[in-house]
Amino acid sequence: MSQKLDVVQILLLILGGVPTTLSISLFSFLMGVAIGIPLSFAKTYGGKFPQILVDGYEKIFRGIPELVLLLMFYFGIGYYIPTPFKNAFFTGIFVLGLRSAANQSQVYRGAIRGIGEDQMIVARSLGLSKLLSIVYVMIPQVFMFSTPGLGSEYALLIKDSAYLFFLPGITEMLEIANGIRKATGVTTTPYLIAAFLYILLTFPIATWLDKWGSRKKKQLGM
Amino acid sequence: MNIVIECQNLWKIYGKIVAVKNVSLKVSEGEIKLLFGPSGSGKSTFLRCLAMLTTPTKGEVFLRGEQLTKENAELDKARARIGFVFQHIWLFRHLTAVGNVELGLKRVLKLPRQKAKERAMKALREVRMEDWANHHPAQLSGGQQQRVGIARALAMEPDIMLLDEPTSALDPELTGEVIDTLRDLAKKGMTMLIVSHEMPFAREVAEEMIFFDEGTVIEKGEPERFFTNPRSERAQKFMARLIKRTRRE
Ligand SMILES: Nc1ncnc2c1ncn2[C@@H]1O[C@H](COP(=O)(O)OP(=O)(O)OP(=O)(O)O)[C@@H](O)[C@H]1O
Ligand SMILES: [Mg+2]
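Sequences listed follow chains Y and D, in order.
For the first sequence, the residue numbers in the numbering used here are 82 to 303.
For the second sequence, the residue numbers in the numbering used here are 139 to 387.
If we strip away everything but chain Y, and leave its shape as in the complex, we get (with noise of 0.2 Å):
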């Protein structure tokens, strides 16, 4: 198939790709919140060991490039353990996360400190446990804490996403620049689209994010 394509018709085969790109980045970026809060909380009031183990996962996943994990799951873990490793979609996600709550443990414990000990000490002297703390008190202001750190990282999901590209069977954006390149010919169009439409779902969202959390926090007196 070598027919020729307009830019439109480029556009409107890789916005094809945009739910794909975006479900893999707000998956992970939920992955990371949910498993980077309780990292964040456990280094910050757990003991030695729950520190030290916070601090491991941490630096291997922040260390070792997204791409090396990626296939080392997908192909190496997979292999063993084919359900759930050898479906992509799951494995890109999984893989996201874990590596996004890392960041996002080390955005949250910066945000813990700059709540302060004084919200802790309060909930603790009205008989709250120090979970039921952390829950009620300390997580809600976390968020408000957290930006914009939270924005630079789904911006960084929606752009590692792209990774996903070397994983088979997913129809992400650069998959289909990619694969438009191939059929038609056309080396550059679909890359620059591509391209503009990566930076359309990372800047508004992480702004967005950011002036969400400044506007919070001045409302609060934070």
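Take these hints with a grain of salt, some might be off.
[Claimed, not checked] Straight line, CA to CA, 25 Å or less: simulated SDA-like cross-link-like pairs of lysine to any residue:
| no. | chain 1 | residue 1 | chain 2 | residue 2 |
| --- | --- | --- | --- | --- |
| 1 | Y | 211 | D | 255 |
| 2 | Y | 298 | D | 278 |
| 3 | Y | 129 | D | 212 |
| 4 | D | 159 | D | 177 |
| 5 | D | 326 | D | 351 |
No lab work stands behind these hints: they were computed from the structure.
Because the structure is a prediction, the values reported are computed rather than measured.
Based on the hints, put chain D with the ligands in the right spot on chain Y.
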């Protein structure tokens, strides 16, 4: 008389700093005691040890005869029965005034929504803050914030209130409203241990005044004696300075 809170030979040591040095003290049902002394003398640290917000290095604390300084003591339950008001106010910044007061009622006492709300509003009424129930701390003045802090402790219906310099973070013109609130509590017979340098108020409500310096009790006795003729030289000097400052204000 029923003893509500008691400590025996309490110490708190931070590395080389001895913040609290061998303090023993009792507060009985309905009593109001007032603790005062120079900055850095360990008053806050002592109060926090009593509430087990920091673990004492040595010594014992009892709440209604139940030893808190032993392994497996149910500290969360004990803290729920001790109302603590903080020197630097410290409201939950993400919650409204009523949200601040409700939190312990809902999550510790496990009151149902409606009950918690009613009781929180009642406590806010007692400190004359019901009109501000839906405001966040950032929208309140310091005096209003501290009254919410008092309501938050009060709503738990504690056995005793420990108040750590409730007016020291406030501008002078705002201390009056908080002192009035404390006066109301005193009239209702609330058991209280108050750290304060508001001397006219102390004279009016306290059964006993305790002069604290360098982490320990230097002198204690009736307020009248402190105002007319303190026994220790340190207390004499400190009282003289305080009275001079109060006159200036
Ligand atoms: N967490 C801590 N770590 C180390 N030292 C501490 C700690 N908390 C208090 N201290 C020290 O203990 C001493 C007593 O402090 P504390 O705050 O109890 O005094 P205070 O009488 O309440 O003073 P103020 O009137 O200024 O509130 C001080 O020397 C202080 O630096
Ligand atoms: Mg103090």
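Open item on the list: For a C-alpha distance cap of 25 Å, please report whether residue 129 of chain Y and residue 212 of chain D respect it.
Closed with: Since the Cα atoms of residue 129 of chain Y and residue 212 of chain D sit roughly 24 Å apart, the hinted pair holds (cutoff 25 Å).
Task: Satisfaction of hint between residue 278 of chain D and residue 298 of chain Y, Cα-Cα up to 25 Å - done: 16 Å, holds
Open item on the list: For residue 326 of chain D and residue 351 of chain D, compute the direct alpha-carbon distance and say whether it is at most 25 Å.
Closed with: 31 Å, violated
Open item on the list: Just to be careful, I want the Cα atoms of residue 211 of chain Y and residue 255 of chain D compared with a cutoff of 25 Å; is the pair within it?
Closed with: Holds - the C-alpha atoms of residue 255 of chain D and residue 211 of chain Y are around 24 Å apart, at most 25 Å.
Task: Restraint check for residue 159 of chain D with residue 177 of chain D, where alpha carbons must lie at most 25 Å apart - done: 16 Å, holds
When the structure is compared with the earlier hints, a violation turns up for hint 5 alone.
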